[in-house]
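Take the position in the first sequence, starting the count at 1, then add 29; the result is the number in the working numbering.
It cannot be assumed that every hint is accurate.
[As the list claims (entries may be wrong)] Mimicking PhoX-like on lysine-lysine, the simulated pairs with C-alpha atoms at most 20 Å apart in a straight line are:
#, residue 1, residue 2
1, 420, 466
2, 338, 423
3, 273, 339
4, 469, 423
5, 272, 201
6, 339, 390
7, 466, 390
8, 152, 201
9, 420, 469
10, 276, 201
11, 273, 338
12, 272, 338
13, 423, 390
14, 330, 273
To be clear, the hints were calculated from the coordinates, so they are not data collected in a lab. Here the structure is a predicted model, which means the values were calculated and not measured.
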Amino acid sequence: MAPSVPRLRFAPSPTGYLHVGGARTALFNWLYARKFGGQFLLRVEDTDKARSTEESTRAIFEGLQWLGLEWDEPVVHQGANLERHRADAQRMLANGTAYRCFCTQEELAQRRAAAEAAGAAFKYDRRCDRLDRVEVERRVAAGMPFTVRFRVPEGSTSWDDLVHGTIAFLNKDIEDFIVLRTDGTPIYNLAVVSDDIAMAITVVMRGDDHISNTPKQIQLYRALGAELPVFAHLPMIHGMDGKKLSKRHGATAVGDYQHLGILPSAMMNFLALLGWAPGNDIEVMSREQMIELFDPSGLQKRAAIFDLKKLEWMNGQHLALISPDELLQRALPALVAAGYGSAEEIMARREWVFSLLELLKVRSRTIDEIVWQAAPYFNEQIELDAEAVRKQWKDRALTEAILRGALEVLSPLTEWNLTSTEAALNQLAARLDLVEKPGKLYQPLRVALTGRAVSPGIFEVLVVLGRKRAQQRLEAALLRLRQDEPTPD
RNA sequence: GGCGGUAUCGUCUAGGGGACUAGGACACGGCCCUCUCAAGGCUGGAACACGGGUUCGAAUCCCGUUACCGCUACCA
């Protein structure tokens with residue numbers, strides 16, 4: 030059983046960005062630790078120097094931080110533990126659970142090819158384990174290079190997986206695997222076990238592509254005299270075509286979603302639901318609720334398919350939940366990038382921005398959509414959408430009457446708010462006999478005020494625009510209408 | 001090939017022997033609300049991979065088959 034204070038770790042290899050599958054694995058590790066009062070640690074598996082990069086390490090940290098998956102102790106770099114890995118291999122050599130193998134890579138490749146040609150499965154034949162002590166010593170003295178191989182014992186290896194239940198392997202199906210290379214560097218399975226023991230990891234939660242590594246690792250724990258952790262193997266994430274999620278499916282890095290205008294809380298919520306369900310038909314959750322409701326027994330065994338549409342819906346739900354402050358904080362960089370002003374300028378109009386965001390977020394699924402919709406309110410000049418103009422300003426005489434009339438009823442207002450502008454426009458509607466057809470009145474106005482056929486309610490637009498700009502836009506529209514006048518078809 | 005894993009609507013899932021004419025959500029269609037677009041409400045179509053058992057009774061348990069996925073390196 031898991032001890033009372035569980036320790037878990039997320040152990041990515043820094044060979045790319047933080048993949049959504051990795052992010053979900055990290056998320057479940059984190060949830061488990063938070064739920065049961067344990068620790069969540071981070072270990073960078075950078076033993077593969079050729080493929081590991083600093084940049085990738087940084088990208089992974091950033092992705093985790095963006096999601097809010099804070100780790101509790103300094104990051105462990107696997108590459109720094111080489112001496113311990115080596116010492117552990119020596120320990121196994123000394124206690125007889127491993128042996129030296131002098132077969133070269135070429136010989137092995139040859140035998141493997143021969144076996145395959147004969148239609149048989151290749152498995153190391155243990156020839157070096159049969160060398161007598163004298164011969165081994167002679168070869169070592171002669172400086173012959175060797176690897177260290179683990180001697181897999183008879184019998185079977187099984188464990189009670191937290192998500193799959195009991196999984197068992199026959200040891201005869203596991204070959205004597207190499208644990209230390211000729212150059213004295215460790216193979217993955219040794220490095221992982223050695224580090225997990227050193228970090229006192231009690232729950233190893235990882236992708237189910239590691240299931241077949243697990244019996245080997247269990248043997249290693251035993252050979253090193255260490256207590257076994259609890260294993261939990263999480264399913265993978267697939268793309269819409271049911272294949273393993275890859276670049277072909279579009280964005281796979283969590284950073285991509287950040288730039289698409291997804292909220293971290295929505296991303297977390299969505300990822301959590303991909304492979305776990307709290308039950309009771311609960312779907313939208315804050316991070317606190319997720320921790321509260323998390324239960325490893327609800328972990329899914331089956332690979333899930335990443336559905337962008339649902340992520341977007343989820344984001345819309347979270348947009349509705351977050352505070353104006355948080356929304357502004359998350360949207361600010363995108364607002365600046367869109368050219369709406371400097372961060373200082375935008376923050377100076379904080380209250381106004383709050384009210385604008387409040388109007389736009391309900392009609393948006395992502396921050397990017399909010400930014401796009403915000404253009405007519407931040408920019409001095411608006412672009413008239415040609416399609417909207419064509420459709421809504423079709424009747425030029427009526428449009429002119431509406432614009433002129435709006436200017437007339439709006440100008441004398443002493444108060445400029447939702448109720449006063451509504452009253453004024455109602456008056457205009459009556460005058461133009463459009464009370465029964467409000468769309469005929471409001472749509473042309475909407476185009477004049479925002480340049481678009483879609484916007485928040487017209488009175489809200491008037492208020493957020495402010496009297497001055499609203500009037501300027503109506504006048505500009507009138508002008509534009511006259512310029513375009515001589516266009517009889 | 002060998003070994004391992006998985007199998008409920010298109011997708012995410014609820015379900016853990018009778019409460020199932022299988023529930024919810026996304027997506028899709030319709031209706032309502034409505035100045036547009038959203039949001040919201042209501043509503044429709046849509047699934048237990050197949051075959052055998054066990055049982056009075058199976059989506060739920062067991063065994064096969066099939067399909068898909070993973071591993072099978074001196075990669076991680």
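Hint check results:
Taking the CA atoms of residue 420 and residue 466, the gap is near 16 Å; set against the 20 Å cutoff, the hint holds. A distance of roughly 36 Å separates the Cα atoms of residue 338 and residue 423; the hinted pair therefore is violated under the 20 Å criterion. A C-alpha spacing of about 19 Å is found between residue 273 and residue 339, which places the hinted pair at or below 20 Å, so the restraint holds. Our distance criterion of 20 Å between C-alpha atoms is met by residue 469 and residue 423, whose separation comes to about 11 Å.
Restraint check for residue 272 and residue 201: the C-alpha separation of about 31 Å exceeds 20 Å, so the hint is violated. Annotation: proposed proximity of residue 339 to residue 390 holds, straight-line Cα distance about 17 Å (limit 20 Å). At roughly 28 Å between alpha-carbon atoms, residue 466 and residue 390 are farther apart than 20 Å, so this suggested pair is violated. Among the hinted pairs, residue 152 with residue 201 is consistent with the structure: their alpha-carbon atoms are about 10 Å apart, no more than 20 Å.
The suggested pairing of residue 420 with residue 469 holds, with an alpha-carbon distance near 11 Å, which does not exceed 20 Å. Taking the CA atoms of residue 276 and residue 201, the gap is about 38 Å. The hint is violated against a cut of 20 Å. At roughly 18 Å between alpha-carbon atoms, residue 273 and residue 338 fall within 20 Å of each other, so this suggested pair holds. The hinted pair formed by residue 272 and residue 338 meets the criterion: a straight-line CA distance of about 18 Å does not exceed 20 Å.
With a C-alpha separation of about 31 Å, the suggested pairing of residue 423 with residue 390 is violated against the 20 Å cut-off. Taking the CA atoms of residue 330 and residue 273, the gap is near 15 Å; set against the 20 Å cutoff, the hint holds.
The structure is inconsistent with the numbered hints 2, 5, 7, 10, 13, although it conforms to all the rest.
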